[in-house]
Structure formats: structure tokens, C-alpha cells
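Enquirer: Sequence:
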Amino acid sequence: MDSVIALIDCQAFYVSCERVFDPALRGRPTVVLSNNDGCIIARSASVKAAGVPMGAPVFKWRDELEAMDAAVLSSNYALYADLSRRVTAVLETMSIDLERYSIDECFVTLPALDRDALRALGERIRRRVRDWVGIPVRVAIGPTKSLAKIADEKAKADKRAGDGTGVYVCPPEPDLDVLLYRTDVGDVWGIGPSYEETLREHGVTTAAEFRALPDPWIRSTMTVVGLRLARELRGQRCLDLDLVGPDRQSLVRSRSFGAPVEAKAELRQALAKHAQRAAEKLREEDLVARGISAFITTKTHGPPPHYADEAQATLDEHTAAAPPFVRSSRRLLDAIYRAGPAYRKAGVMLYAIRPRRPHQGSLFGRPVQDDEALMQAVDRINGTMGRGTIGVAAAGLPGDRDWTMTRDNTSQHYTTRWDELPVARA
DNA sequence: TCTGGGGTCCTAGGACCC
DNA sequence: TCTGGGGTCCTAGGACCC
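Residues are numbered in my numbering as their position in the first sequence, beginning at 1, plus a constant of 20.
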């Protein structure tokens, strides 16, 4: 093999982003919350060490966080997305090929050097991202994506011990087998709770035992996905780098409500807002969609009643204009709404997505160009004067009560809004 | 009282076609 | 009594990821 794969993983990414701009947070225990300030979705090392789990509802950990004097921040996705882009821009100056896997991880290919040289290269990557963007990253290297993921787990573990370098290179066989024997099968990338349970029932508890299973058994129990995984752990490359990024299949906009909602009119407005935002996102990505589904749900935890339903519709033609999706969301709500329950969340999903091409008007109805010109004007105004300045009336007016979200403690948009740039004082 | 918001891929089964 | 053998497309649901 003339190349290896490195996983570049930003450490406690959201927390690190906040620390770039607020030095007072460095060294202070910090968590970042999900939308609506519900769950803990990023934790500094000290908070992790205190046993606060990922995804935990914040209300269960208030006391512990207070005792640690932890900073509790609402999420600021515009900031994180921007810094993520800067991290990949730095990597592009150094690596051969790059796949952006998620907001805080990417895969790159590196030349197949010996272990020491790879470690040194990993260090250089790490240093450059830290110096140029201010975000600490781990670099985990292996012959395949799945083994790079294993290496990342190992690097994380080293970090916890306190003296890890943040760079880990998979050893060759037979040391690799030893490493995999020490890796819990549930910690393998792609093996979730359900497969883990099945495997344990068959006496398989380590990654090494998993990759040694017979192919037909894996295939029939875990589909080809499982088989690819096992082969990757054997060093056989089955998952290629997705260089251009896959074409989008679907697009979801949804939010939990700050407080329960019963009124149909409010659900209608929420769905209209989501439909409008989803269409805006389509236009940003130069896509059009034809399918829409709308869903509403009550709480899903705790004692019943729980209620959730969803309905779908197909538009006459592909479009990225807001009005057809908004109209459709209203009809879909009529189909699924039941009076009575207190709803906690609503959203829309667009599907049947493809790239926008000119002149895709249908034989029926208004020509698309009208909508297109209108939407261009809308985007221009919102681009200049701020998101939400104008939009369909069904989505509510800018001055309306913002019932959609609780966000008590958001940092500034340091890098994406002129009026919130950091200020340097001499 | 308070539990996120995105995504992807795979399979089975039904409808429909010749 | 006997009742083909392919295809394709679509959808629902399950599994996983960050």
C-alpha cells in the first residue's frame, strides 16, 4: 500500500472554539449545550474526567457543574462551522487528499512512511492547526479508515493518562492484533449498541475476535456493512475517502420548542418557518427538492401519552422556492395534527433532492422563473440585512415572540458578523 | 419542570411490468 | 389438479455516525 489514512479529530471541538476567543475559558471546566439548552454536547477534558457523559441532559448535572465552577454555554454553530472550515483549509495546505467527515473530523491520505516518520508528520499537522487556527487536534493514523478510528480511540486513551502526544500510529501485525484484543468490540466504529449485543451473545467481546469471525456469518448477521468493517480491521481497504463529499439526499430542519405547544396555529407557524429555512438551505447549496415530509411529536421520555406522526407529499416539480414547501407543510399538518397532546418538537424534511439546473419548469402551473426571481430578492435582502428580515407571512413576523428556542448564554459571532468581531486593546 | 439536530447506508417486501 | 421467472422501483424500518 503506498498510502495510509489519517484521521484528524478536533478535541472537544465546540469547547475549543469557545476557548479560541475567550481565554478566560482556558483551564476552566466548560460545557456547550445543544439547541434549546437541553443536552450537553461538548465537554472540556476536566468535565469528562468528572464523569459527565456526552449527550446528558444538563438539568441532571447542574449541581456537579456548579461545584466545578464550570462555564455552561449555549451553542454557537455559526462560529463552529467557520472554524471548522479554517481547520480544513490548513490541512489542505499539507495533505494529499481530504474528506470532510463531520464538523470536527476529517480523513486525509498520507504517504506510507515508516512509523517514526508518520509520527513526526502527525506532530507537524497538529502543530500547524494549533498555531494557525488555535484548535487542538488529534492525529490518528492507520492503513484503513476503520483502523485510523481505532488509533484515534487509542490516542484518546493516552490523553486521559495525561502524557499522550495526541498522535498515534497503528502498529503493524502482530502488535496490531494485541491492540485489537484490548479494544472493546463496542468501541469499534460502526458497531453500535444493537450489533454489540448480538456479538456479545455469540461470545465476541473484542475487536480482534470480531475481525476473526467467518465472513458468511458476519455478512448474514450484520449485512455487508459489517463485513466491510471486519475486512477493514484486517487491513483491507474497503471504505474509500469521499473526496468531493456525497450528494445530499435529504435536508432536515427541526427544533424542539422552548415550552410545550398545543395550538395548531403555532405548529403551523413553526412548520412554515422550518420549510422556509430548509428552502433557503437548498438555495445556498444550489439544489432543488421535490419531496417534503412534516412531523410533529410530543415528549418521548417519561410517562405517556406520547404521540408522533409524520406525512409526506410530492410537489409538482423540483424547486428551491419557499412558498410551495410552506403551503405543503400546512396541508401535511392537517393530516397529522391531533388536538390534545402537548407538542415538543416539529420539523420538515426535504428529499428527492438534485442539483439545480436551469429551465426545469413543469408544463403546468406558473413558470418557475417568477419564484426564482422572488427568492433571489429575498436572499439578497436577508443577506444584507440579516437572516429573517423578510419571508413568508405564514412563518411569523420578525417581531413575534420567539417561541422556538431557549438560548441563554451564546457567545459572540466572532468571525461571521461584523458587529461582533473580537476587539483588541493595546 | 428540564432529554439535540443533523445525516448515511442497507434490507425486506410489496407493487408493478413483461 | 396444474398456476413462471425474471426484472425494477418504491417505501418502511433498522442500524449506525457525529
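If you are wondering where the hints come from, they were derived from the structure by calculation, not from laboratory data. Please note that the accuracy of each hint is not assured.
[Stated by the list, open to error] Calculated cross-link-like contacts (lysine-lysine; reagent style DSSO-like; alpha-carbon spacing at most 30 angstroms):
#, residue 1, residue 2
1, K365, K80
2, K68, K80
3, K301, K365
4, K176, K80
5, K319, K365
6, K68, K176
7, K319, K68
8, K319, K80
Enquirer: Is K301 within 30 angstroms of K365, Cα to Cα?
Expert: Roughly 20 angstroms between the alpha carbons, so the hint for K301 and K365 holds.
Enquirer: Are the Cα atoms of K319 and K68 separated by 30 angstroms or less?
Expert: With Cα atoms ~28 angstroms apart, K319 and K68 stay inside 30 angstroms; holds.
Enquirer: Verify the proposed pairing of K68 with K176, using a straight-line Cα cut of 30 angstroms.
Expert: holds, 12 angstroms
Enquirer: Would you check the hint for K68 and K80, treating anything up to 30 angstroms between C-alpha atoms as holding?
Expert: holds, 15 angstroms
Enquirer: Could you grab the alpha-carbon distance between K176 and K80 and see if it respects the 30 angstroms cut-off?
Expert: Within the cut-off at roughly 26 angstroms; holds.
Enquirer: For the pair supplied as a hint, K365 and K80, confirm whether the alpha-carbon distance does not exceed 30 angstroms.
Expert: Distance of about 21 angstroms is within 30 angstroms: holds.
Enquirer: Check whether the Cα positions of K319 and K365 lie no farther apart than 30 angstroms.
Expert: holds, 8 angstroms
Enquirer: Has the given pair, K319 with K80, been kept, meaning a C-alpha gap of at most 30 angstroms?
Expert: Given pair K319, K80 holds - Cα atoms ~17 angstroms apart, limit 30 angstroms.
In this structure, none of the earlier numbered hints is contradicted; all agree with it.
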